[in-house]
Amino acid sequence: MKLEVSDLSFSYQDHRVLEGITLEVDEGELVGVLGPNGCGKTTLIKCINRVLVPRGSVHFGGQDVSRMGSSERARLFAYVPQALSVGMAMTVFESVLMGRRPHVRWGVGESDIGMVSEALERLKISHLAFRKVTQISGGERQKVVIARALVQDPSLLLLDEPTSALDLRHQLEVMQIIRSVVDQKGIGGLMAIHDLNLAARYCDRLLVLHHGRIAGQGTPSAILSEELIRDVYGVSARVGREDGYPLIVPLEPVGNI
Amino acid sequence: MEDEREKIAGRYLQMQAKRLLFVAVLAVGIILLAVGSTIIGSAGLTVEEVCVAVLAGILPGSFSADPLAFTIVWDLRLHRVLFAVVAGFGLAIAGAVMQGVLRNPLASPFTLGIASAATFGAAIAIIFVPTALSGEIALVVSAFTMSALAAIAIYGLSRYRGVSAESMVLAGIILMYLFGAMTSFLQYTGTTEQLQAVVFWMFGSLQNTSWEKLALVTLVVAVSTPLLVWRAWDLNALGMGDQVAQSLGVKVEQTRTVHMLIASLITASIICFTGTIGFIGLVSPHITRLAIGGDHRYLIVASGFVGALILLGADSLARTILAPQIIPVGIMTAFIGIPFFLYLFMRQKEEYW
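Protein sequences, first through last, are from chains A and B.
First residue of the first sequence? That's 0 in numbering that gives the first Met the number 0, and the numbers climb one at a time after it.
First residue of the second sequence? That's 0 in numbering that gives the first Met the number 0, and the numbers climb one at a time after it.
The hints are simulated quantities; they were obtained by calculation from the structure and are not laboratory data.
Quick caveat, the model's predicted, so the values are computed rather than measured.
Some hints here could point you the wrong way.
Residues from chain B that face chain A, not an exhaustive set, calculated with beta carbons under 7 Å [to be verified]: (1) 2; (2) 4; (3) 7; (4) 8; (5) 9; (6) 184; (7) 230; (8) 238; (9) 242; (10) 247; (11) 292; (12) 293; (13) 294.
Ideal Cβ placement from N, Cα and C applies to all residues, glycine included.
Modelling step: build the complete structure from the supplied sequences, incorporating the hints.
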């Protein structure tokens, strides 16, 4: 199923945050949303997930998202927020099990339990299953949140900077997992991300936001240029190639943005 | 790999079984304590006399009891014991629900102004309605109305700013101070006897229970409990933050509002009869969370049983410890509950909330 956003705008009171956003995310495609702090990445993801109510249209699989019920939407979209929220007085297992909420009525069946164990294994956190969520590290918590999104069995993953709190190894692990889930399950992924190199390496397409508008859209190689980085981030950078992917080396802040 | 998965699945099922066992043990404990509590008392009835009196009430044809024992058991003790169970259960689930929807370990009917509103209502009735005009009905109605108003005010205030957990807590605490100040003012202007009556009401007591009151409170608790347990997943989801809950399909504001109103209604319908019995709503959910974790599918009912056990235990002690003098149960609940809480709290080294 395909996500189609067309001419989406959003304002907080009289402050316009997003303007005329049009984008598509296909099945099996991972799209990265780039841009400096405050450019509207998080707002865009919240608008698609109806945490915020935008103007313009958001369709998924041909269906208008604004007309979906909250449970129906929860069976299609899984959302990994920026703030890691894992619940109170819960074990890792239970926190991940929450992802089944849109699918179960009250009791938890064998298949639900199986999906949780599988997700824990995929994220290599099986050994933490019965630890309290308050007792694990930031990187482990991020994995818990992603595992919860996976057991939600969504058709679209919405991720808000899933690697921002993580060390180098965890960043790569998490990106690999997201990539492989998108590939294997053939679902769409839309991810706000700060790290240009990770974005270039793992995303199929990138969308660059600047002051709430789309400053560019395309494959990483096509879009990540020294010019764009200077215009959007106010940073001079060198863009080379490594391993077939663009490699960005930021140098210094330039001018005023 | 398969082994590992099965091990995890097995352990989760085991955890669930442990929770059910906890609930079952509590239920048995309550039954035993209820029986014990019906037997003990200052009248000095024997176990046999009490049993015969109970049976005589249930099967009037088959047993005949001594009329005095019958009166003591049926008109004094039994409804009081059952009221303690139902009220303890209700106050505790109200606390569990409030802590859950507000994500706040300090939330309870007392920290949110529901109880101080009831006290204010009671104070109005005590001071302005002459006792000759059937003071008790006026008192109950006034206490209930005020706490219902407080619940609506909390909703209204937070509605104005968006129904976030923080704004509800803030609105509740402000109301608590407001009603507290108004009650103090009434006490200041009242006579010594009125002052004494208000203070006694604030102690909380099961002295004035009756079968009619028991029926009313049981009805409220029996209707709301299945509803709350049925929506337990929503409370679990809310614990993860509003945005996550929303993305899991929970209608966040609606859920929070409805749950707060139900919890307030349960509380109001109990404390308008008993006066302020504090502490149970705050601590029973914590004791339960420490024992079996935070899954509301079990937490709500288990908290209720813990609350029932504490209130019944407290009232049994309150009736007997200085017999024939009866201590208000509100004073006893903290003495009973705190050691219990401290034990679990000290034993658990890790952060649990």
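Exercise. What are the numbers of the hints that this structure violates, sorted from low to high?
Worked result: Hints 1, 5, 6 and 7 contradicted; others consistent.
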